[in-house]
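Here's the letter readout for the chains.
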Amino acid sequence: MNIKRSLLSAVALLVAGVAGAQGIMGGHVTGNVQLDGQMSREDTVIGASDVPEIMKLNARADILYTNGDFSAGLRFEAYQTPLLGFNAQYTGQGLAHYFVAYKSKRISVTAGNFYEQFGSGMILRAYEDRYLGLDNALLGVNIQLRPVDGLTIKALAGKQRIYWGYGEGLVRGIDAEADLNSLIRGMQESKLHLTLGAGFVSKYEADESIPSAADPERRLNLPLNVGAAAVRLNLDYGHWTLQSEYARKGQDPSIMNGYIYRPGEALMVNLGYSRRGLSASLQAKHVDNMSFKSSRSQTGEMLYINYIPAINRQYTYPSLTLYPYATQVIGENGVQGEVAYRFKKGTLLGGKYGTDVTLNASTIYGLDTTQTGGAGTEGYTATWTGLGQHFYTDASLEVEKKLSKKLTLTAIYCYQEFNPVVEGHEPDLYHNHIVVGDLHWRVNKKHSLHFKAEWVGSDSFYDEARGHTDRRAGDWVMGFVEWNPGTHWFVSLSDQYAYNDGIGNYPSVAVGYTHGTTRLQLGYGKQREGLLCIGGVCRQVPASNGLTFSLTTSF
Amino acid sequence: MKRITLFLALLVMGTGLMAQNAKLPDNVTLRTLDGKSVQSSAIQNDGRPVIISFWATWCGPCMLELKTIREIYDEWVEETGVKMVIVSIDDARTAARVKGVTEKQGWSDTGDDEFQHYYEVYLDSNRDFATALNIGQDPPHTFVINGQGEIVWQHKGYQPGAEEEVIEQVRALLK
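Order-wise, the sequence lines are chains Y and R.
Just so we're aligned: 49 in the numbering used here is position 43 of the first sequence, and the numbers increase by one with no gaps anywhere.
Just so we're aligned: 64 in the numbering used here is position 75 of the second sequence, and the numbers increase by one with no gaps anywhere.
Please keep in mind that the hints were generated in silico from the structure rather than gathered at the bench.
On a predicted model such as this, the values are computed, not experimentally measured, just so you know.
There may be inaccurate statements among the hints.
[Said to hold, decoys possible] Calculated pairs, PhoX-like style, for lysine-lysine (alpha carbon to alpha carbon, straight line, at most 20 Å):
{"hint": "1", "chain 1": "Y", "residue 1": "Lys452", "chain 2": "R", "residue 2": "Lys56"}
{"hint": "2", "chain 1": "Y", "residue 1": "Lys411", "chain 2": "R", "residue 2": "Lys56"}
{"hint": "3", "chain 1": "Y", "residue 1": "Lys358", "chain 2": "Y", "residue 2": "Lys408"}
{"hint": "4", "chain 1": "Y", "residue 1": "Lys451", "chain 2": "R", "residue 2": "Lys56"}
{"hint": "5", "chain 1": "Y", "residue 1": "Lys412", "chain 2": "R", "residue 2": "Lys56"}
{"hint": "6", "chain 1": "Y", "residue 1": "Lys111", "chain 2": "R", "residue 2": "Lys25"}
Use the sequences and the hints to build the structure in full.
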């Protein structure tokens, strides 16, 4: 090694040390890391597969550098191989997400990968759900302008992420939102808060050859550019709120709608009233042909440009999420209502600590359609209010009662109707009665126990010989106990058992340790697919049979 | 050798960067309960500490944490002057429930006088703020911010009793 080189090295080290320590470089490095591993043996009863590579591993690290208004970030992802339930196309590793951004009070610019949402997302939502393996981040440029207080204008263009690549379609969008109370001098002191917004999204995709249904010799004249527009309002007056968004989409023949030319539209209205001890809401939703993807031929969950949420209440108890409802973007009409009331302490029903009661109900139907043709035609006609196939209904009563300083009990009864047609299966209608008992026992300041007992009575059944292969079917009992010896550790035991007309028994044990932002969890047992809440956090898990571990940290 | 030097240089520099506490991002857009857009620079407490808790209406442990703190929050404020800011990551499916939940639970101020002090509530529907703060996917995630707007402590998850650690961190800032 020559002297010149070692001198250079010494200088580099010195400069770096001084720059770092003195903050000449300034800025901060933050990030988060997550590692999920899974070992599984085949279990045909619960549908778990064998893992020939012994261990499946999902790993990711986000590193973010921030210096004043400037920031840059990157994410490394590795799937070696992806956990059960993740698409095999994720297999591999590399830089999955990167960007540089400048954000100040009046202007924000992001170049690279970004997430974004216009309004409630009915025409555009780029987001990520790492447990579902869903990431439709855009790669491109995103600009936000706030020329005056109360006005936000967003403009963006890019391509959508799909696994390790990007879709061919281009996505362009512009959105404006005005907060009238900030913009209009006379409204600044008003009790009425009004926000108005409007957005437009256009996608471009090259031509391809799709045969017409009427004459297979001829190909469809496909629109290369498809536009979608939405208007929305948010009104807030004292105890009342009204939120509404209406979206309309141009002709967008795709594999999702059978290459029909009917325009799409959707309306969502939410009316709410709330004050201390009481909240009530009524929601209605109409969706007609609103699948909006940047690729005509893409089925499945990827390359969606928009996001239309399900209207029914989202629970986290396993008995109540056995049959989760997913929005039918092709068409649905739904309503949901909820009233939550607190009986004050000291009253007959309130007792010493008060009692909370929540009533919730929702019902969702397909559209009442009349078929008028196949690919290359309008497809069907439908009315706004007509009801077609019954998809889902639920009604629940929830009572939460603090029994003493140390004991809190929650009890839920839910009646549910679920049509497996919404998951692409044969139409049917399951009728379920669900009962949940949940007890938190705070033994002392840092020591607590959590018990859950759940029951599902269903007219669905599992019978392979007759083609009934839904592993959620039948009657279930579920039990769960979690022990928190202090605030760092937890140990839990659980079992879910289909005792009648069903199949499967899912015992499992888990232990976890949290210190600051670092959390390590080990589990062993059988895992039913679904939303799992344990040891303080909730997450989505696939079916497995064996050991799992999860390590997360952030800094 | 060149590589080793480069690595060491980056390491030394990195250690220097991380020695200081990261500032709370001030340029992320959040939404208030009445639908207004505000910048995250609005989160401050006149030089006193702030607790920020990320939560969602569907997250049991989050609800338990916020209910537990509600019962002792007036005492916390009177003792330390701390302000509790709760940021909902409910997406379009459940965001409309946030106002009802916070008003019914006595977390946000509705003008009655049941409590002395209330949480400040923001919505972060597409997780812009959550991403900027690296909370990962799972709520709850709790931060303690000092009077200079620096993140001095953070914690993932909630188990009963953890609220004592939060207020201990706030008390430590006042010493």
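Now for the hints, and whether the structure bears them out:
1. Y:Lys452 to R:Lys56: 16 Å, holds
2. Y:Lys411 to R:Lys56: 13 Å, holds
3. Y:Lys358 to Y:Lys408: Holds, because 8 Å separates the two Cα atoms, which is no more than 20 Å.
4. Y:Lys451 to R:Lys56: 16 Å, holds
5. Y:Lys412 to R:Lys56: 14 Å, holds
6. Y:Lys111 to R:Lys25: Roughly 15 Å separates the two Cα atoms, so the pair holds.
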